[in-house]
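Chemist: Quick note on this note's numbering: the sequence shown kicks off at 1 and runs consecutively.
Straight line, CA to CA, 30 Å or less: simulated DSS-like cross-link-like pairs of lysine-lysine:
no. : residue 1 : residue 2
1   : K170      : K106
2   : K436      : K328
3   : K343      : K170
4   : K280      : K436
Keep in mind the hints are simulated off the structure, nothing from the lab.
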Amino acid sequence: MEEESRHTVASCTGSSLLQPLSEITSLPLDQVNFVACQLCALLSAFWFRLFLPPSSTSPFTRHVVATVLGLYFALFCFGWYALHFLLQSGLTYVIMIVTGAQHMHKYCLLVALSYLSLCQITRVYVFDYGMYSADFTGPMMVITQKITSLAFEIHDGMARREEHLTPRQKLLAIRRMPSLLEYFSYNCNFLGILAGPTCSYNDYIAFIEGGGRKSEPRATSPNAEVVRKVATSFFCLLVFLSVCKVFPVERNIDDDFLSSTPLYGQVVYLYLSMLTTRPKYYFVWTLADAINNAAGFGFNGYGSDGSARWDRISNLRILNIELATSFKVFLDNWNIQTAHWLKRVCYERCPYHPTAATFILSAMWHGAYPGYYLTFLTGIVITLAARAVRHNVRPHFLRSPTLKRVYDVITWAATQIAICYTVVPFVLLSVGPSLKFYRSWYFSLHLGCILLAVALPVKPRHLRLKEQHRLPATDRDSIRKEKTT
1 MEEESRHTVA
11 SCTGSSLLQP
21 LSEITSLPLD
31 QVNFVACQLC
41 ALLSAFWFRL
51 FLPPSSTSPF
61 TRHVVATVLG
71 LYFALFCFGW
81 YALHFLLQSG
91 LTYVIMIVTG
101 AQHMHKYCLL
111 VALSYLSLCQ
121 ITRVYVFDYG
131 MYSADFTGPM
141 MVITQKITSL
151 AFEIHDGMAR
161 REEHLTPRQK
171 LLAIRRMPSL
181 LEYFSYNCNF
191 LGILAGPTCS
201 YNDYIAFIEG
211 GGRKSEPRAT
221 SPNAEVVRKV
231 ATSFFCLLVF
241 LSVCKVFPVE
251 RNIDDDFLSS
261 TPLYGQVVYL
271 YLSMLTTRPK
281 YYFVWTLADA
291 INNAAGFGFN
301 GYGSDGSARW
311 DRISNLRILN
321 IELATSFKVF
331 LDNWNIQTAH
341 WLKRVCYERC
351 PYHPTAATFI
361 LSAMWHGAYP
371 GYYLTFLTGI
381 VITLAARAVR
391 HNVRPHFLRS
401 PTLKRVYDVI
411 TWAATQIAIC
421 YTVVPFVLLS
431 VGPSLKFYRS
441 WYFSLHLGCI
451 LLAVALPVKP
461 RHLRLKEQHR
471 LPATDRDSIR
481 KEKTT
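Make a model of the complete structure from these sequences and hints.
Modeler: Set out below in structure tokens:
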């Protein structure tokens, strides 16, 4: 027990002030530090909104306070490893200045991702392989998204012609180079330095300066939404702490379990074991969303019923995830801001095989564990198969409400199994255990998805887009509605 305690302290690079609380709760010190800092960030967010509003506080002051608080929380959690946040941000800012708007997006993507990958490889293979606790490369993943998004948006706003931009790119385009303070505030502010979520630079600046209808609602209080999200996050934490050890993922590759459990039992256990890993992400992302809302950031207008929406930078929709009836719907509601980042910097700009390129970029961004690459390579074939089924099979089930409900039930079950099958290596991390799991399933989903993708071809994305542009506006609207249902 004493050895475990010493290992916990040694593996934590941040403050040891809360070590007694770590021992009482039997949680690793770095996780205790993380939760404590997020709760302090929540309180600071209320103070920031109430006592430093943009109506009576200069943008300079708000930028400085947001940055200093963010760096303090980072130092408390990660110690001097937090200097990597400044080094990565500072290095890419110099690259932006030196290379100019015409080329900064390419160099910033290369350098920021390389710096992140170097830190991830060093942490994994030099310091602590398989560490599930909080680590300094987590915030660097979010900062990498912000750096690269900003570089692409500056490139769009200062180096590309207006008529070549999509409507979304026009909205996000940045027309002037940010100051050094604005840049560090965007990357390292206390609202998102520990767990995100990523937001667009224009939205963040509007929040700081108080400009824009959606950035600072005058008469809409976020308090009720913050209370709801905090309650949801801690409920998810309790669920995770109470059930995560009941259904360990490693049991899916246990020889005794595989030999004594029928196929249907293995499928049910696989679903339950992966289901119980998700609440920890729900906790982290929902609490992070609440912190931003408490500061007045994240307002997204009003719903059809007149209620205020605080989901502008939300990172997940829990019910949509658990009830997803397609691989795409699941991914669209899981780690939403990362999906937006991948779409904006890769999928929309990659001329060849954008789906494969996007999954590979996602694997590189996630880290150095081989299991990540197995997960995202599997995701490519499952995505292509799911797209083929959706385009070729789904229309036959839309002829009546009954057939549609049957289709939804079947696709819900298929989606949950496919997601679980795909992400097992993401949890197991290593090649050997991951391949053992896939061998126990005879690589059945891999083979089935490849056959579906070949047997049910779908037109390439650029041809589908051309066809849509030729359609009348009313037909394009109907296609958009169809995609959302």
